[in-house]
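**Q** Listed below are the residues making up each chain.
Protein chains: 4
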Amino acid sequence: MKSSQRIEFSSDYNEGAHPRLIQKLVETNMAQTFGYGLDPYCDEAVEIIRDLCGNRDVDVHFVVGGTLTNLISVAACLRAHEGVISPTNGHIHILETGSIEATGHKILLIQGENGKITASQIDREYEEYCNSDARVHLVHPKLVYITHPTEYGTLYTKAELKAISDVCKKRGLYLFVDGARLGYGMTAKGSDFDIKFLTECCDIFYIGGAKQGALFGEAIVVKNKNIADGFRQLIKQRGGLMSKGRLLGMQFSELFRDGLYFDIAKHANEMADLIRTCLKNAGIRFFVENTTNLLFPIFPDDMFHKLSEKYSLTNFSRWNESSSVIRIATSWATTEQNVNALIHDIEEAAKQFGAQLAKVA
Amino acid sequence: MKSSQRIEFSSDYNEGAHPRLIQKLVETNMAQTFGYGLDPYCDEAVEIIRDLCGNRDVDVHFVVGGTLTNLISVAACLRAHEGVISPTNGHIHILETGSIEATGHKILLIQGENGKITASQIDREYEEYCNSDARVHLVHPKLVYITHPTEYGTLYTKAELKAISDVCKKRGLYLFVDGARLGYGMTAKGSDFDIKFLTECCDIFYIGGAKQGALFGEAIVVKNKNIADGFRQLIKQRGGLMSKGRLLGMQFSELFRDGLYFDIAKHANEMADLIRTCLKNAGIRFFVENTTNLLFPIFPDDMFHKLSEKYSLTNFSRWNESSSVIRIATSWATTEQNVNALIHDIEEAAKQFGAQLAKVA
Amino acid sequence: MKSSQRIEFSSDYNEGAHPRLIQKLVETNMAQTFGYGLDPYCDEAVEIIRDLCGNRDVDVHFVVGGTLTNLISVAACLRAHEGVISPTNGHIHILETGSIEATGHKILLIQGENGKITASQIDREYEEYCNSDARVHLVHPKLVYITHPTEYGTLYTKAELKAISDVCKKRGLYLFVDGARLGYGMTAKGSDFDIKFLTECCDIFYIGGAKQGALFGEAIVVKNKNIADGFRQLIKQRGGLMSKGRLLGMQFSELFRDGLYFDIAKHANEMADLIRTCLKNAGIRFFVENTTNLLFPIFPDDMFHKLSEKYSLTNFSRWNESSSVIRIATSWATTEQNVNALIHDIEEAAKQFGAQLAKVA
Amino acid sequence: MKSSQRIEFSSDYNEGAHPRLIQKLVETNMAQTFGYGLDPYCDEAVEIIRDLCGNRDVDVHFVVGGTLTNLISVAACLRAHEGVISPTNGHIHILETGSIEATGHKILLIQGENGKITASQIDREYEEYCNSDARVHLVHPKLVYITHPTEYGTLYTKAELKAISDVCKKRGLYLFVDGARLGYGMTAKGSDFDIKFLTECCDIFYIGGAKQGALFGEAIVVKNKNIADGFRQLIKQRGGLMSKGRLLGMQFSELFRDGLYFDIAKHANEMADLIRTCLKNAGIRFFVENTTNLLFPIFPDDMFHKLSEKYSLTNFSRWNESSSVIRIATSWATTEQNVNALIHDIEEAAKQFGAQLAKVA
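Protein chains in written order, with the numbering used here: chain P, 92 to 452; chain U, 92 to 452; chain G, 92 to 452; chain V, 92 to 452.
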């Protein structure tokens, strides 16, 4: 069954899993293990991830999806009267169908720039809530949620992350980093910190699998012991504990064996770089600049429709009356052949729609 | 890596998936599809299940796990002041870490017999809540939750299910059947209805995958249009919508191709029958009698410990000071060779611990 | 015990209740009635309010406070995946400590102008949510929440309210009007509809008591039968059902006897008019113009501090580096003597701080 | 308006407030204060209650009703995966419309005897949850809820309360005592501890007002600092923070001035004693024996109907096919004249229905 006529650049989860993970699933299929993550595959994956974090004392849990991971993590951090600070374009705010509110908590928004928020914004937000005369009428900010890389594919620098971590410590806030695309961030040009440093800065974060070579699955790292207690029960309560939990352990073990996770993320970033260079050479404007696997060029609508005949791209948002922000995603599965085809067709389209392109800026 | 020294009879989710499903995953791994269940594999599985239900008008949704399926289904059915009726040993009450209460709803318990409740019990419960002077102080019963087969492996008869369905209609109650092990029930001796009849009786039910040959996944069938609205959004909100949703469609398509789902359930029941006969011949008492893949013999503790050296069995509950209810589970993956070994060892143990066995009754 | 040295203009709930209500409480104190609102006082108040609404078919419930009233009303209207549309300055969003989110629902914001939103904004918001490709990732808008008068004391016109009601009907949205200060709105200059018309337009609304002469209490009018079912149980569940519910019925009966409710609101508006005229004559700019009992002049900080020596006023928000938006509230209890004193002192202050006042604009 | 033809013995909240509280309300009605409990009346009441507790370090909050008080207190104590232990007849379980579940938490039931549970039962319950193989599938017990006096009017002894408190400390459980009728308990025959001792034993408890002379209102005492943080915000979030909060402070100040609270409770207990003696002399069996203001005699149905012509009594539960458990309540407002009338009529009825009374036992 051919599921799509067009070549997929619409997202980084259009294929199954990296062949090595599939191979592992096949080999171990008939092994008998206990369920719910109490199996040797999960045990192995936990140890590997503790090493990656440079911290043998963190708890590691595997959950089947990103929305579950976010809502469980937020619920673990907050008491009933507390809320979570998020950038205005935070995934928990805009694309998770009110999942955080459904756990009972309010999201307190900070206007991001290129998807990022700053330590001083967080500090000011805290002040405004906690030093207000109206304090009793306001929720208490207790948790900061950021994404790395952000929804716009941008990166926090080491200094920025450290500053955010410091203000969180000063204000008694927990810091939670959504790493749904962490590998793409860690291997991008300009990335200046590793998972060890991330672990030092966060109270809790997660390493995404589904968008980086796994069939599904996210690995939550819980460092702060105040959050850690009862975490497995909370995962079960919200439906995130797989009966055949070994499927998660198996995939993460394999992803981190021989650096596969980083290799395939690097590949995706390199494929994106090729497209990025082509777009720049063609004089195409970007909604936001970044160095990771998501590209946000602005295309005239006619150019988008032309390219869409052959490629599946995401129409991200309106730019003006005749053009839109387009999202192009690469992944571990993106082939150089498909990238070359896209580049060729972008170049052609840029010529064809040159007059309209000129009007974008 | 050998994950277990002992032969597994502790549950029906100790292995991966049926080889045909694994084969399908391998073959389709590099296909590109849109995410979130909007793919041809899911489309195909939906059509197959509609045929099974004998109702082209039902909605079918795929969710990654049983607890999620239960909590989403209950949340879809209830307004804030409403509660769900369940047998005292209902899975949602005893083994899901308060997931229903975490969605805001109270479980109203009816004492089951062999895991089953009756139409007249439901009718009486409704009366007690709704005709009480204290009504405003009580939640409104709006949904009935039962399991088929039950947690004890017992079956509702066609007449019993019809009676329950009728009382639900009379009282304005929704009926939700948890079919985590539905296949084992449909193919067991004494089963006298099919999925078409189940569809006629229920407002919503689900067909379990994880315990019957799939890696994971449950298929929810929503018949009542009052519940259907917004169901996909609710699945997403609670974190049950897989990004690579095709994995669910693919598995269910394959499970229902050529009757695989029923064949493997039948196999498990037959394996259980062999063990059941052996237990009966050995004069061993059962906590509950049934015809499906879960057996509940009562073993003297010494006999349990002896058998546990070689087999992984579940110590289900205490029976008296020197014996326990044991749960033995078979599955699609259970081999006749392992069953024969177990039978042989039960016979030996029954001789060895004959004096203690005599004291159980 | 003298509770405040300064004359109160900071809010409309600084005193107890109108003397006629106190008198009623005293007279009926030893009467014996059944609890939970099942008493003749509540029965009478329900009938009076049905007459006011021009609709004998509405349900009327009494709840002890505004936040409870809002959260119960929203919870009654929404299924789990649904959200409530509100102006950006909606009371439920900014001053109720996340109460709506604590019931599990997301608030979908529309930027208001002078605290009001329009029918076409609601229509567009609905479109954006429901016709989006990302729909499954978004909550479903099902309820519109507005306040009349608004938090800024402004009023919807009959035509505006009708247009909002029409778009709600077109889109299948419920309309909920928060009438915490409804009396002030109904009796203000420029008000062009009555409670009968409001009843026609809304699915649910409430008539505030605490800010308009009662010790406490709000009267919820539920017109839409889809919402009505189980409402009393929901009130009890959220803790809003008073054991001595007669206290609510008694107060509302008395408030609506001989038009007291409207007379005292009119008085408050007249007192506000006197202050408004004074402020205008003194050339003082307003943050927002209105005709009800809340005034929002912009004062230089020095002028605010000077007046604050004698009067309790609310510092509502910063305007610029040297001035703030001030809120002055009148109520049923505001005396002409105190108003005259305030007017005199505003006039003096306006002269004293004339140079700074000139810089506000 | 005469609200009831019959003399009320059905509950302890059929009248308004003690005349001294009404007098206080009248006197202070026009005083101007800030809202939300930030007023001198509340300040005074807090200080008085701290003295009563023998602990100047406790937080005291006033909330408008008992269900709100219970749900707020439970929500303050529990993280998402945690549950509350309660006797099977706990008010939060049987008469609050699922309010605890609506906050997201499961109630873990212990079978009470005469409405009481024991330290060793709590200890065993904790063991069963926390040492279970199935722990991840179970909520974590974190809070114990008991009522003093219980729903059956019975009392914990000092030794029993101390033992419960000790097991809570050993197991890391919070102890919450619902004192909706605390005064009746403290002044009953056989009561052997005071509020100071209660404060030592609990993490949080409340002193009921509505059933003991106030119009409404409960005073929550929070001793444990882990719970205290953000409590006022939580009260506001759930709608329990009165705008005219002074009404609560005023009533509690007056209730505890000159020991009024205890005097009126003592009176109610004495009135109950008179009825109790009469019932015993008439050879009437009790469903449960106690020394407080709630009596639970078992009446033949005919005798109940006869007495109900003149008196309002509560039909509490069926006893057998021809008799019921009846609840008779006295209060601060119960007059000796009415008690004497009731006694006379019980004596007459006992003679008339003597044959049926003999069949009860």
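Read the hints as simulated data drawn from the structure, not as lab findings.
Among the clues, some could well be false.
Any copy will do: because identical chains look the same in the list, a pair fits if it lies in one copy or spans two.
With a straight-line Cα cutoff of 30 Å, these simulated DSSO-like cross-link-like pairs (lysine-lysine) come out [what the hints assert, rightly or not]: (1) Lys260 / Lys249; (2) Lys261 / Lys371; (3) Lys249 / Lys450; (4) Lys253 / Lys397; (5) Lys115 / Lys450; (6) Lys397 / Lys442; (7) Lys115 / Lys401; (8) Lys314 / Lys287; (9) Lys115 / Lys442; (10) Lys371 / Lys253; (11) Lys401 / Lys316; (12) Lys261 / Lys316; (13) Lys260 / Lys314; (14) Lys287 / Lys401; (15) Lys260 / Lys316; (16) Lys287 / Lys442.
Owing to the predicted nature of the structure, the values given are computational and were not obtained by experimental measurement.
**Q** Measure nothing new, just compare the shortest in-copy and cross-copy C-alpha distances for Lys115 and Lys450 to 30 Å and report within, between, both or neither.
**A** Classified as neither: same-chain Cα gap 51 Å, cross-chain 49 Å, threshold 30 Å.
**Q** Cα distance capped at 30 Å. Does Lys115 pair with Lys401 within a copy, between copies, both, or neither?
**A** For Lys115 and Lys401, only the inter-copy Cα distance (27 Å) is at most 30 Å; the intra-copy one is 34 Å.
**Q** Have a look at Lys260 and Lys316 and pick one of within, between, both or neither, based on CA distance no larger than 30 Å.
**A** both (15 Å within a copy, 21 Å between copies)
**Q** Tell me, please, which holds for Lys314 and Lys287 at an alpha-carbon limit of 30 Å: within, between, both or neither?
**A** Close inside one copy (12 Å), not across copies (40 Å); limit 30 Å.
**Q** Up to 30 Å between alpha-carbons, please classify Lys115 paired with Lys442: within, between, both or neither.
**A** Intra 47 Å, inter 43 Å, cutoff 30 Å: neither.
**Q** Cα distance capped at 30 Å. Does Lys253 pair with Lys397 within a copy, between copies, both, or neither?
**A** neither (44 Å within a copy, 45 Å between copies)
**Q** Can you tell me if Lys260 and Lys249 fall within 30 Å by alpha carbon in one copy, between copies, both or neither?
**A** within (16 Å within a copy, 44 Å between copies)
**Q** Quick one: Lys287 to Lys442, C-alpha cut-off 30 Å, is that within a copy, between copies, both, or neither?
**A** This pair counts as neither: shortest intra-copy Cα distance 46 Å, inter-copy 59 Å.
**Q** Measure nothing new, just compare the shortest in-copy and cross-copy C-alpha distances for Lys397 and Lys442 to 30 Å and report within, between, both or neither.
**A** Result: close within a single copy only, 12 Å intra versus 69 Å inter.
**Q** For the identical chains here, do Lys261 and Lys316 meet the 30 Å Cα criterion within one copy, between copies, both, or neither?
**A** both (18 Å within a copy, 21 Å between copies)
**Q** From the Cα coordinates, with 30 Å as the cut-off, is the pair Lys287 and Lys401 best called within, between, both, or neither?
**A** Answer is neither: 42 Å inside a copy and 43 Å across each miss the 30 Å cutoff.
**Q** Could you figure out if Lys260 and Lys314 sit no more than 30 Å apart (CA to CA) within one copy, between two copies, both or neither?
**A** both (14 Å within a copy, 27 Å between copies)
Checked against the numbered hints given earlier, this structure breaks hints 2, 3, 4, 5, 9, 10, 11, 14 and 16; the rest are met.
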